[in-house]
Structures are given as structure tokens and as C-alpha cells.
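Protein chains in written order, with UniProt numbering: chain D, 1 to 348; chain Z, 1 to 274; chain C, 1 to 433.
Keep in mind that the hints were calculated from the coordinates and are not lab data. A hint or two may mislead.
Within a straight-line C-alpha distance of at most 27 Å, the following computed BS3-like cross-link-like pairs (lysine-lysine) qualify [said to hold, decoys possible]:
(1) D:K105 to D:K129
(2) Z:K262 to D:K129
(3) D:K129 to D:K110
(4) Z:K190 to C:K107
Partial pick of chain Z residues on the chain C-facing surface, computed with a CB cut under 10 Å [claimed, not checked]:
(5) A12
(6) L47
(7) P149
(8) S176
Glycine is no exception: its CB is placed at the ideal position from the N, C-alpha and C atoms.
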Amino acid sequence: MRIELQNFTKRFGDTTVIEDMSLSVASGEMIALLGPSGCGKSTTLFAISGIHRIDGGTLHFGDRDVTRLPPQDRPVGVVFQNYALYPHMSVADNIGFPLRVQNLKPAEIKRRVGEMAELVQIGNLLARKPQQLSGGQQQRVALARALVRKPDVLLLDEPLANLDAKLRLEMRSEIRRLQRETGITAILVTHDQIEAMSMCDRIALMKDGRIEQISTPGDMYERPASRYVAGFLGNPPISFLRAEAKGQLTIGADNALPLPHGTAARGPITLGVRPEHFGPQHRGPSIAGQVSFIEPQGREDLIDVTLPCDQRLRAIVPAGHDIALGQPVTWQVDLSRVHLFDAEGARL
Amino acid sequence: MNTKGNWMLILALSLISAPLVIMYGFQLIDSVSRPAPGGIIPQEWELTNWRFLWTSIDSARPSIWRVTFNTFVFASATALLVCAFSITAAYALSRLNFPARRFFLAGLIMLHAFPTITLIIAIFIVLQFLGLYDSLMGVILVKAALELPFGIWIMKGFYDSVPWEIEMAGVQDGASRFRVWRELILPQVKPGLSALLIFSFLAGWSEFILPLVLAPGADAQVLATYMNAVIADDTRPDYGLFKAIGMFYALPVIAVYLLFQKRLMNIYGGGTKG
Amino acid sequence: MTRQTLLGLGFLSPALLAVMMFFLLPVVLTVVFAFTNMSTSTGILGGEYQISESDLRRLPAVGVGEDAVALLAGAGYAVQPETLALFAAEFGEDRAAELDKLHGGAKFDDQRAMERALKELRRNPLRKVRDRKTAADLFRVSILGQRFATRDDFALAITDLGVPERDRLALTEAAYTGWTFTTQNFELLWELPATWRYALNSVIYVVLTLGFNVGFGLFLALSTFYLPSRTAQTFRAIWFLPRILPPVLYVLMWQWLTWDQGFISAMLRPFGIEPINWMRHTATHAWTFIVLINGCVGASLGMILFSSSLRAIPETQLFAAQVDGANRWQQVRHVLLPQMRWPILFITSYQTLSLLTSFEYILLATDGGPGRQTEVWALAAYHTALSNYGGNLEYGLGAAYALALVIIGILLSALYLRFFKFSELVAKPRIEQ
Numbered sequence: 001m002r003i004e005l006q007n008f009t010k011r012f013g014d015t016t017v018i019e020d021m022s023l024s025v026a027s028g029e030m031i032a033l034l035g036p037s038g039c040g041k042s043t044t045l046f047a048i049s050g051i052h053r054i055d056g057g058t059l060h061f062g063d064r065d066v067t068r069l070p071p072q073d074r075p076v077g078v079v080f081q082n083y084a085l086y087p088h089m090s091v092a093d094n095i096g097f098p099l100r101v102q103n104l105k106p107a108e109i110k111r112r113v114g115e116m117a118e119l120v121q122i123g124n125l126l127a128r129k130p131q132q133l134s135g136g137q138q139q140r141v142a143l144a145r146a147l148v149r150k151p152d153v154l155l156l157d158e159p160l161a162n163l164d165a166k167l168r169l170e171m172r173s174e175i176r177r178l179q180r181e182t183g184i185t186a187i188l189v190t191h192d193q194i195e196a197m198s199m200c201d202r203i204a205l206m207k208d209g210r211i212e213q214i215s216t217p218g219d220m221y222e223r224p225a226s227r228y229v230a231g232f233l234g235n236p237p238i239s240f241l242r243a244e245a246k247g248q249l250t251i252g253a254d255n256a257l258p259l260p261h262g263t264a265a266r267g268p269i270t271l272g273v274r275p276e277h278f279g280p281q282h283r284g285p286s287i288a289g290q291v292s293f294i295e296p297q298g299r300e301d302l303i304d305v306t307l308p309c310d311q312r313l314r315a316i317v318p319a320g321h322d323i324a325l326g327q328p329v330t331w332q333v334d335l336s337r338v339h340l341f342d343a344e345g346a347r348l
Numbered sequence: 001m002n003t004k005g006n007w008m009l010i011l012a013l014s015l016i017s018a019p020l021v022i023m024y025g026f027q028l029i030d031s032v033s034r035p036a037p038g039g040i041i042p043q044e045w046e047l048t049n050w051r052f053l054w055t056s057i058d059s060a061r062p063s064i065w066r067v068t069f070n071t072f073v074f075a076s077a078t079a080l081l082v083c084a085f086s087i088t089a090a091y092a093l094s095r096l097n098f099p100a101r102r103f104f105l106a107g108l109i110m111l112h113a114f115p116t117i118t119l120i121i122a123i124f125i126v127l128q129f130l131g132l133y134d135s136l137m138g139v140i141l142v143k144a145a146l147e148l149p150f151g152i153w154i155m156k157g158f159y160d161s162v163p164w165e166i167e168m169a170g171v172q173d174g175a176s177r178f179r180v181w182r183e184l185i186l187p188q189v190k191p192g193l194s195a196l197l198i199f200s201f202l203a204g205w206s207e208f209i210l211p212l213v214l215a216p217g218a219d220a221q222v223l224a225t226y227m228n229a230v231i232a233d234d235t236r237p238d239y240g241l242f243k244a245i246g247m248f249y250a251l252p253v254i255a256v257y258l259l260f261q262k263r264l265m266n267i268y269g270g271g272t273k274g
Numbered sequence: 001m002t003r004q005t006l007l008g009l010g011f012l013s014p015a016l017l018a019v020m021m022f023f024l025l026p027v028v029l030t031v032v033f034a035f036t037n038m039s040t041s042t043g044i045l046g047g048e049y050q051i052s053e054s055d056l057r058r059l060p061a062v063g064v065g066e067d068a069v070a071l072l073a074g075a076g077y078a079v080q081p082e083t084l085a086l087f088a089a090e091f092g093e094d095r096a097a098e099l100d101k102l103h104g105g106a107k108f109d110d111q112r113a114m115e116r117a118l119k120e121l122r123r124n125p126l127r128k129v130r131d132r133k134t135a136a137d138l139f140r141v142s143i144l145g146q147r148f149a150t151r152d153d154f155a156l157a158i159t160d161l162g163v164p165e166r167d168r169l170a171l172t173e174a175a176y177t178g179w180t181f182t183t184q185n186f187e188l189l190w191e192l193p194a195t196w197r198y199a200l201n202s203v204i205y206v207v208l209t210l211g212f213n214v215g216f217g218l219f220l221a222l223s224t225f226y227l228p229s230r231t232a233q234t235f236r237a238i239w240f241l242p243r244i245l246p247p248v249l250y251v252l253m254w255q256w257l258t259w260d261q262g263f264i265s266a267m268l269r270p271f272g273i274e275p276i277n278w279m280r281h282t283a284t285h286a287w288t289f290i291v292l293i294n295g296c297v298g299a300s301l302g303m304i305l306f307s308s309s310l311r312a313i314p315e316t317q318l319f320a321a322q323v324d325g326a327n328r329w330q331q332v333r334h335v336l337l338p339q340m341r342w343p344i345l346f347i348t349s350y351q352t353l354s355l356l357t358s359f360e361y362i363l364l365a366t367d368g369g370p371g372r373q374t375e376v377w378a379l380a381a382y383h384t385a386l387s388n389y390g391g392n393l394e395y396g397l398g399a400a401y402a403l404a405l406v407i408i409g410i411l412l413s414a415l416y417l418r419f420f421k422f423s424e425l426v427a428k429p430r431i432e433q
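So here's chain D without its partners, still in its complex pose (with noise of 0.2 Å):
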């Protein structure tokens, strides 16, 4: 089921938190609202969930506005950060009660149950209190719980922040499964870059309740549509040089690297170089320094080196070099993948 959401704004009293937003989510895709905590991406959640109001715009399920629907009526499943499993039911008491409430017939109920746990792998644990259950279970019962009435549209709020590391990864090819298995439309909201990339078709990168790009992750990590998108999305994070373009740029008063493929722009901007695409295995223009940091890694090491401006660039360096703290260096920058942003931040 598509997802048209358009000029959406939202307050809260006074204050304007979304303003004429506008996300389409094709059927069947899983997109990902990622942001830092406060740039709306809950909020515009619970405004397709119909939890919270649309206070301007539409929304668009398929064809069928549902706008002015209240959450009852709108075919959307939901899980939350916490699960928020009904304490006092069992596992199949919680997985049926959407079906409960559609009057349906015990045996019909029963049935779907029971299928739905086995798509989630909990047929064992029907009869249990959702206190009983690890937290990986629980959010497993949560998912049911949130398919069993077939919704066109399944909503993900942070659904993996609860979980510890090992369960995380585990529950992470989880979701992504069953949302394939099912083809059922997703929108995940998470803070987490990592959850973004690895279980989404697109993300929507929001900032202070707008969307600051909207791409496929491979996309938004190769062509960051911003300084703030390039600054969000790697790890380790990008490393951003002041620099100045006139003909060449110049960074500082030692450092210079030739404009990259046809760029005019003129005046200050800023470079940004991934730590993937600096240092003493690429070919290409160098920039020269000395080592200010070794952080190692095992498989490699995070190296900083630290310009005669006083400016910083990091760089993965594969293990087994003999580079010391203090070392000058002169090393190579993949100039094909380095990404230049205007005073504003906005890509060149």
C-alpha cells in the first residue's frame, strides 16, 4: 500500500514542530525516519498511526484519504520502543486481541494465532505472560501482535533500541524478513544510522522537522545532499577541512588539491574526506601532516593527522603498518569520492 503523506504540519500549542512535510513511501518499500531524538521523526509516526493529530496536509493511504481518521480505523500496525505487550494476557491473548476487537470467531482466531506465532518463530511460548518472555521474544510478540489484522501499513518506533547488541543484530534480519515475507509497506524510525541502512530500501534523513534528503542509504552515503547528511551518516564520521577554491584549494597555507571533476565553485567551502578514502593505500593528490592519533582497531586503525592549520582529517589504515605517533606524513586523498559543501552546507 502506498503512503502519501503531503504538506504535513504539526503543532503542539504554540509551537510548530513539523512544517509542510511532504514523504512518499512506495508499497511494499521499507523506509527509515532517521534523525537525532526531537527532529519530529516520532511525531510524523504517530501522525500516519493517527495517535496525533494532522494539523495541516493530507494523508494518503493508496488512494484512500485518511487524514481525518482516527487510529481505529486506520489499517496500520504499530510497534512500539518498549513493545508495550498487555501485561495481564497471555502471548495468544496479546496476538489475538486485535482480532477480538474485530468480533471475529474464537476457532478463526485461534488459527491466525497460531500462525502468525509460527511467522515469528514463538509457537512455543503462547501460553506465557509477556513477563516471562526475553526481551528479543517480546519484541517478537509485539510484531505479531502488530501484523495479526493484516495491516497495509507496519510502523517501527525504535524498535531495537531495548535490545541488547547481540539481539539487535539477531532482531535486525528479523523485521527485514518478515516485512519482506509479508510485503507489507514499512516506515522505521530510529536514530541508529546502522538499523537505517542495513534494513531500509530508502531513508529520510530528518533535521528539525524537515527532511534533509531522502535517498536509497548507498546514495545518501555516496552523494550526502548535505554537510549535515555527510556529517550523520558513517562510522567513523567523516572528517570536514575548511578550505578555499580559487582555481585550486588550498586548505590552510601548505595544503592544496586540484578542484575535482569540473567544479567552478569559487570562495570558501568545506571538503569533506571519509576515513575510508584517505591515507597510504590511495592513489591521488596528497595532503601532508603529522600523525596526532592511533586508535586501533584490529583489522585496522583509525589514524588522525593533523594539518599545519590545526585542521584534522582521519584516516583507515589496513593493520600492520609501522606509522608512530608524531610521524609526518604525506598521504593520498581519493579525489573521486570527496564531497565539497558551500558556506550553508549544501553539496557543490
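On the provided structure of chain D, position chains Z and C as indicated by the hints.
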């Protein structure tokens, strides 16, 4: 130093607690014994003080069982009314969006602190108008209404502690707000509800002023007014009898308190009454 | 209206109804009653119109003319067609015809003259005294002692009687037996020396009891805080009991402790101290025990609240103080007490209000005695309106007493609002539709 300090503390506490302990002790002893004339040391153990249970202590008085029944009806009816009204009103104030909610909340807090006893003269006359004066029904309604702000306040606290997400999950699962309340939220506040029920029952059981003023007749007498009348009418105080009646009166209170101590402490502490 | 609004108002309405009935209405009525002379003798519903013999003397004072009073007092029996018709129905047409012939149109000043006329009928005299009395009553035209249900009936009657126009209004008002609006309750309160005495008593009562409550509550909370939990629990239970015991029983225990053959007297007798009623002997005795009785109930509330806020203070602060060499008193003084400011303030303001208005324990313990020495304001309201020895319950005056407390109650409970983080409390519900 700490052990010595503790002993000093225990000594001090024991001294100041002594009058209370003496009163409790003799309350127990005197109800089943007869002290020496003019003294306080029990002479012989006997149950004659409990004669009010099987004989009428004087002709004008209603039977103790009738009075006990009245008290039970009064206490449980008020408790049920308070709970029934509180669970809906508190939910509305805690969770539902409706006009003037702010105003109602401010009103609730003010009522919670407002000394209801000052209204008793007007209430007395209201009951006369309604024709409910001197009936158990009238006192039940008044007591329930006066306990209500407290009940709503307590229940609101319990509702506030239920995670919003449960409620959100419920509406998202397609249930109406009423169904969400009844099937999903109400089960979460059950412990609070039972605590309020017990608390209101005890409050009704112990209530003295309202029955005294609003239902002074023999038909609607409760244990508090009964005991007070027995004490007031006697020219020569028979403390053995008084204490036995008091014992009979207080036994349910003490039993309920011992059984539900933990639950009640929450309310007595959090609710701040009196 | 959304479904949520409907559900919200629906859920609220039973409670709202109860609150209107037993809070708002009584508050309004307290104000109204305070401005009336309502009492047992006026009744609480409307009254009637009646002038009795004894009223005659006070009539000139309220502005009824002498001649009107004379009219009311004067000639009471008339042989007129109307009265004759009544007489005929009861005692026969013949008699009536004869009476009409002899005395038609006559007026008699008093009952004896009327009876004589009846006795002296020549053909059919009324021989029995009882009959003559009954018959004489039929000719009565005076309105003395007669009850009129409405103002109009009364007006008609006095007009018939010939009361001059200018006297009618004053007379009607004087004849009304129901309650009326007046400000004399407040004038009375202002003038009576007892009023000031009660106010002073209330202040004494609140200040002393409050001091006891807070001080003792703090002491209990702090001392049990340092004790091992089992010991602490025992003491807490001892001090908590007064709170849950029925007041009638709780006060009875104190009565037993203090009466002239009670515990205190018995303990002191070997030392040659005469047995007295320790609670009622003098005003000082009474005040001491009133404060103790109320204090032991109130202290437990302080104890519970203070204990829970003490538990909320991180233990590490105490360890730090101990490492710094602070003894217990210094810990209490410099670490614990400063953090108890809010609970103390809360208890103080809350209990001020409830002590000011409660009278249950005083009523049970001393009933305001000895004399009226421990009569506090709230108890005076109760005694005036709901339980007084004379039997005439003065609801209006009692309501005037209560009104003062209601006003203080409203002001203080509005102040009480400030103790709550109100904006947090009214945070918008998160499900918007």
C-alpha cells in the same frame, strides 16, 4: 558509638510511646477482665463485658447486630460508590482529552485539600430538603461524595503510572477508548483499586461525625454513634463494657490493616488525608 | 464533539454530579444560610403567617399603629350572615334564626359575652358548656392565633378586619413565622465576646497541635530512620495505630487513661495525689490532652511522609558526612533537615487547614469543656447549628460561623494548588484523536 546511640534512641522512643502502648494493652486486657475496685490491675478474667453481643444492654438501644449490619452496609456502600465513581472520573482526568480538562484538574486539587467538614451544616439542610435526613442512604451518599476527590486523586495517580504505549497499542489494534480502558487499562490499576476500596471501607467504618449529625435516629445507627451513645448515656462509666464494644468495633479494622498493610501504606502516605 | 470528548465527559459526570450536590451546592448554601435567621423555630422550608396574643405587645415596636393593634386585640365575635350560616349548619336553622333576631349584627368583646348570648336564647338555649364553647368559636372573627398559609390570605384577613393600609406591610412581616434574610448573624458574631474567644481557641489549638505534629513526626521519622528496620517498624506501627483506629474508640482510651479512677489517677494515688479527671480538671489539663490526642494522630502522617522523603535521600550523602566526622545530630542538622524543607512546609500548610476545621476529637474528648474553654471555632459552628442544649438549632448563625471557615478553606486550598507542578499535571493527553 552507633550501637550506644541506637540504644539511647530506642529508650527515648519507648518512653514517648509508653502511653500509647499502655492504652493499647489495657484496651485488650480490660475488655476480658474485671479490675479491682478503684484499681487497674485485672482481678479475674471474664467475658461479661461482652454481654452486649447476646443481650440488650438497655431497652432503648437497637441490637448490636442490627447496628453492625448498618455499619457494614454504610462502609461497603460508600467504598463501592467511591470506587465506581473514581475509576471513571480519574481515567478521564488522567488520559482523555476534553474541553475544560485543566479546569477540572485544578478543581480536583482544590477539593482534595478543601476541608469538607465545614460544609456539614449546609449538607444537613440539603438532606432535609431531599428527604434523606436520618436515613442510611443519605449518609452513604454524603460520605461517598466527600471521599470522592481523594479517591479520584489516588486513582489518577495509578492511571498516570500506566505506560501510554499500552493505551496507544490498544487504539492501534482497533479498540475504542472505552474498550481500551475496560480491557487493557483497568487490569493494570487493579492493585490501586483494591487499595482504595479497602481504604474507603475503613474510612466509612470509622466515620463518626456524619452519622452523628445526619442520621441520629435509632434505625440508621452505626457502631460509632452506638458506642458514643452508650458512653454518653452511662452515669457511671463501665469501661470494661465500653472497651469490649470498642474491641468488637475495631477488630475488623485491625484485621484488614494487618492483612493489607503494604497496600494501604501507599495510600495513607501518598494521599495525605487529615 | 469527538468520541473522546463524549467519553471523557461521560466518565466524569457521575463524580461531577456528586461534587455539585455535596460540595458546590453546600458552599453556596452556606453563604445563603449565613444571611438568614434560619433555626429550628423558623423551620427550613417556608413559614406561615400568624399573630398570637403574645405577639401583640411587640407589634408597636415594629411600626404597627396602636389602633391596628387594638383592632387585632379587640372585638372578636360577630353575629353576621357568614358566621350564622356556620352556626346553622352545626346547631340547626331554628336556633340560628332566633339568634339572628335577637342579636343580628351584634358584636361581642369576649368569649364570655358571646357564650352568655347563646345561653340566653329563649327557645333553644345551648345548655351544655362544651356546646356553647364550640358554638362561640364559630362566631369568632379575630385572627389571633389563626394560621394563614400564604401572604395573600393573611393580607385579605387583615384588610377584612379593617387594619389601616399603612400598617399592613409591617404587620404582615411581623406575622411571618419562617426564616428571613438578615445580616444580624454577622453583627452578633462581631459583638459577642465568645466569638473572639473561639477564634483565639482555634489559633491556640492549631499552633500547639501543629507544632506537636511536625516536631513529633520529624522526631519519629528521623529516629526510626537510624534504627534497624525491625525495631523501626514496631515503633512505626505503634504510632500508626491511632490513625486507623475509629476515633470513638481512640478517644475512649484516652478517657480511660485520664478519668478519676483511670490509669493516671491510679498510678499517682500511692504518692498521695488526689484522683482527679486529668482531662477535664482545668482548661490547661484539657488543652494538654486535646493536643496530645490530636497530635498522636497527626504525628503519624508526618512520620509516614517524612520517612518516605528521608528514604529518598541518597545514603552516600550520609556516608560522606560520616567520613567528614559529622555526628548524628550534625548529620540531621546539616544533611537531612535542609532536604526536608518541602515535606515540612507541605505538612504544615495541609494540616493547618484540616486542624482549623476539624472538631471530631475535641467533640469526643472534652466537648469544648470545661465551661467553654476548649471550644474552637469549628466546634462552635457545630454546637450552634447542629447540637445545642437549648434545643433551638440556629442554622443561620451556625452557617455564619462555618462561612468563615469555608472562605479560609477556599483560600488555603487555592494556595495548595501551588504545591503541585500544575503544568506537569495538565500535560496534554498523548492520544489526540
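Results for each hint:
1. D:K105 to D:K129: 23 Å, holds
2. Z:K262 to D:K129: Judged against 27 Å, a Cα distance of about 25 Å means the pair holds.
3. D:K129 to D:K110: 17 Å, holds
4. Z:K190 to C:K107: 84 Å, violated
5. A12: 7 Å, holds
6. L47: 19 Å, violated
7. P149: Holds - the Cβ of P149 (chain Z) comes within 10 Å of chain C, reaching about 7 Å at its closest.
8. S176: It holds, given that the least Cβ distance between S176 (chain Z) and chain C is near 7 Å, below 10 Å.
Of the numbered hints given earlier, the model fails hints 4 and 6; all others are met.
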